[in-house]
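Make the full structure from the sequences, and use the hints.
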Amino acid sequence: MNWVPVVLVAATAFALVAVERPGLQIAVLAAQYASVAWLSSLALPPQVAAVKVVAGMIACGVLALTVAGSRPRNESVSGTAFRGIAAILIMGAAFGIGQTNWMGIPDIRPEAIMAASILMSMGLLQLGLFRTPLRVCIGLITLLSGFEIAYAVIEPALAILALLASVHIGLAMVVSYLTLVARPSGLAEGGE
Amino acid sequence: MSALALVFILLALLAILTLVLRRKTYLPFVIASVATATVGLFILYAPLDEAISLLGIPLRLDSTWQILGRPLSLDPQNRAGVGFLFLVGALFFGLGWAVAPGRSFVPAGLISLGLLAGALTIQPFLFAAIFLELAAMACVLILIPPGSRSEKGILNLLVLYSMAMMAILFTGWLLENVGVTSVTPELALRVILLLGLGFVILMFVPPFHYWLPSVAERVSPYSLAFVAIILQSSGMFFLLRFLDNFAWMRADPLISSALQAAGIFMIAFGTVVAIAQISFLKIAVYVLLADIGVSLLAIGSDLETGTGIAIGLTSVRVISLALWGLGAALMSRGGYSKGAGRAAPFASAAALLGVLSLAGQPLTAGFPWRWTLLAQLSESSPIGAVLMVVSMLAILWAVLRWTRVLFESGPAEADIDPQGSGAEIEPQAADAEIGPRAAGRVAITFMGGACLLWGIFPQLAIPWVSQAIAGLANLSP
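So the protein sequences, as listed, match chains A and B.
Going by the working numbering, the residue at position 95 of the first sequence is 95; the numbering climbs one at a time, nothing skipped.
Going by the working numbering, the residue at position 441 of the second sequence is 441; the numbering climbs one at a time, nothing skipped.
Quick caveat, the hints were computed from the structure, so don't treat them as lab data.
Treat the hints loosely; a few may be bogus.
[What the hints assert, rightly or not] If you want the footprint, here are the derived chain A segments under chain B, 3+ residues with CB under 8 angstroms: (1) 127-137; (2) 168-178.
[To be verified] Some chain A residues close to chain B (C-beta under 7 angstroms, calculated; not the full set): (3) F14; (4) G61; (5) L65; (6) I90; (7) A162; (8) L163; (9) V181; (10) A182.
[Said to hold, decoys possible] Label-pair ranges, simulated between beta-carbon atoms: (11) A/G92 with B/P253: 36 to 42 angstroms; (12) A/T100 with B/P362: 40 to 46 angstroms; (13) A/L158 with B/A51: 30 to 36 angstroms; (14) B/R342 with A/A68: 36 to 42 angstroms; (15) A/L65 with B/L363: 53 to 59 angstroms; (16) B/V178 with A/V4: 28 to 34 angstroms; (17) B/L68 with A/G61: 21 to 27 angstroms; (18) B/L27 with A/V4: 56 to 62 angstroms; (19) B/S466 with A/L158: 24 to 30 angstroms.
For each residue, glycine too, the CB sits at the ideal point set by N, CA and C.
In C-alpha cells:
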C-alpha cells in the first residue's frame, strides 16, 4: 500500500516534465503535493503531514492565478519525445540510486528514500531543461519536495515544517510577481 | 518583553508603512533609514536580560523570543552581525532616494533585513539556511521593481539559494544528531563537502556566482550593491558561527586549506575576468569576487587574526559598494559609453573610486585591512600575498583604462567596451529613475568622504570589529 504514493510521485514527476499546458502542470503539481504528504505521513503524524498539502495547495492556487492572469506561452525548448526520453533515463537512474539509503538517514523507509530520489532527480532535470519562471518554480518545488520527504524523517519539528512550507508559498509568490508585476523578459517568457 | 519581538514588530509595521508610501519620492527612504539606524544601534548597545528604567518606567528586555517552539536569540555571537545588517540598511535607505532604485526597494529591503536577522538569531543556528532562502526571495523584489524586466539571473539566485538551504539543513542534522567529529573521518568529509556546497553558494564562489554578472547589466547597480552586501555578509557571519561553534572544524586542516584555496581561486578568477571585462557594470562584480576571496584567504590563513581582518573587510566593503552603486546608478541615464564620464564626471568618479576601494587601493577604505593581511600572509602564505598585490595592480590598471574611456574626448558612442570589441551594453532598467542631481552629489560626496576617511583612519571600524570578534569567543585571539 505504501508503494502507491511512490508510483504517484513517479507519475506526477514524469508528467511535469512531459506536459506542456501550464494549467495541467499545476493540476499535476497539486497531485504531487498530495503524494508527498502521503509519503511524509509515514514519518510524521497525519495532521502534521497535512501542513504540506495545505501549503502546496496555496502555492498551486497562487500559480494557477498567475497562469490565469498572464497566459504564458508554452516553452518549446525541446520536443516532447526528447523530454520524455530524458525523464525515463533520469527516472531509471533515480530508481537505481533509490535502492539504497544513499543519504545515510537512519530509520527511513525504502518508499521514502525511493520517492525522494525520484523527485530530486526529476526536479534537477526540470531545472536543467526549462527557463520560464513557472517551470523553474515547478522544478524547484519538485526538488524541494523530494528533499523534504527525507528531511521529515530526521527533523519532524513543526516550526521547521512551517518554515519549509513558507518556502514553497514564497517561491510561488515570487514567480507570480515576476510574471504579473514585473515585465516578462523575452528570454523568460518566450522560450529560446 | 522580548527585544527581538519589538524589532520584528517594528519592521513589519515599517514595511507596511513604506509600502503605502512607496510612491513618495523621499519619505519612505527617510523613515526606513532613521528606523533601521535606531534598530541597529539598539541591537548593538541595548542592555538585555537586565532591569532598566526608561523614562521612569521599569523595563526588562529579554534576549530571547520563542516562536513556534523555536527560540530566536540575541547573543554576543550574533549581535554585532545583526546590528551591522541594520546599519547597512540605514545607509542604503538613507542614500537611496538620491538614485530612486525602485518602489519596492524600501519595503522589500526591510523584509530582507528582518529575514536575515531571523537567520542570524534562530536557535539552533543551523536552521538559518531557511531564512536565508526566504531573504533571497525578498531580494528578488529589490532587484526587480514593479514594471522592470524579469531576468533569468534572478531565477538562478533562487535555484542556488534553494540548493544551499538543502545542503546546510542536511549538514546541520549530521552535526547536531549524528555526532560528527574529527574521529569520524568519513562523516566529517561528508559534512565538509555538503557544507562546502552550501557556503560556496552563500559566498559567491565561482562558478556559483553566475547570477551576479547576469543581472548586473539589467538591474539598478544600487540595488545590486545592497543585495550583494546583505546576502554575502550574512553568509560570512554564518560561516564564522560554524567555525566558532565546532572545535573539530577549527582544528581540521582540510577546512583551512579549502578556505585558502577558495580565496586564492576567487582572487585570481575575479581579477582576470575584471581586467578582461567589456562591460563597465560587470567590473565591480568581479572585483567584489576578488575582495570576498581576500576575506576567505584571511580566515583560511589564520583563524584568530584572519577572522578580525575578514570582519574588517566586510565592514568597509559596504562603503565601497555603496559608493560604486551610487555612481553607477547616477551614470545610468547617460549610459556607460565612451565620453560618458564627461557628461557625469561626479558619478563616474564615484563609481571608479568605489571599484578602487573594493580592490583595496591605498587611501581608500579597503586598503588598511588588506595591508594588515599582507603583513600576515608574507609569512604564512607568500603565494597569497603575491597574488593579492598582483590583483591590486591589475585592477588599478583596468580602472585607469576605463577612466580613459569614460573621460575620452570626442563624439559620444554607443556603450562600448574599452578594448574596442564593439559589444553593446544595455542601458539601465526603466524603473530606476534618477533622483535630483543635487541629492546625488550630496550622497556621492558623503560616501566619497567616508571612503577616504576610513582609508586614512581605519580605527573608525575597530569598535564594531572588536565587538564582533569578542562574540566569537573561540575565534578571538
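Verification of the hints:
no.: 1; hint: 127-137; result: holds (count 4)
no.: 2; hint: 168-178; result: holds (count 6)
no.: 3; hint: F14; result: violated, 21 angstroms
no.: 4; hint: G61; result: violated, 18 angstroms
no.: 5; hint: L65; result: violated, 17 angstroms
no.: 6; hint: I90; result: violated, 17 angstroms
no.: 7; hint: A162; result: holds, 6 angstroms
no.: 8; hint: L163; result: holds, 4 angstroms
no.: 9; hint: V181; result: holds, 5 angstroms
no.: 10; hint: A182; result: holds, 4 angstroms
no.: 11; hint: A/G92 with B/P253: 36 to 42 angstroms; result: holds, 41 angstroms
no.: 12; hint: A/T100 with B/P362: 40 to 46 angstroms; result: violated, 58 angstroms
no.: 13; hint: A/L158 with B/A51: 30 to 36 angstroms; result: holds, 34 angstroms
no.: 14; hint: B/R342 with A/A68: 36 to 42 angstroms; result: violated, 51 angstroms
no.: 15; hint: A/L65 with B/L363: 53 to 59 angstroms; result: holds, 55 angstroms
no.: 16; hint: B/V178 with A/V4: 28 to 34 angstroms; result: holds, 32 angstroms
no.: 17; hint: B/L68 with A/G61: 21 to 27 angstroms; result: holds, 23 angstroms
no.: 18; hint: B/L27 with A/V4: 56 to 62 angstroms; result: holds, 58 angstroms
no.: 19; hint: B/S466 with A/L158: 24 to 30 angstroms; result: violated, 39 angstroms
Hint violations for this structure: numbers 3, 4, 5, 6, 12, 14 and 19, all remaining hints satisfied.
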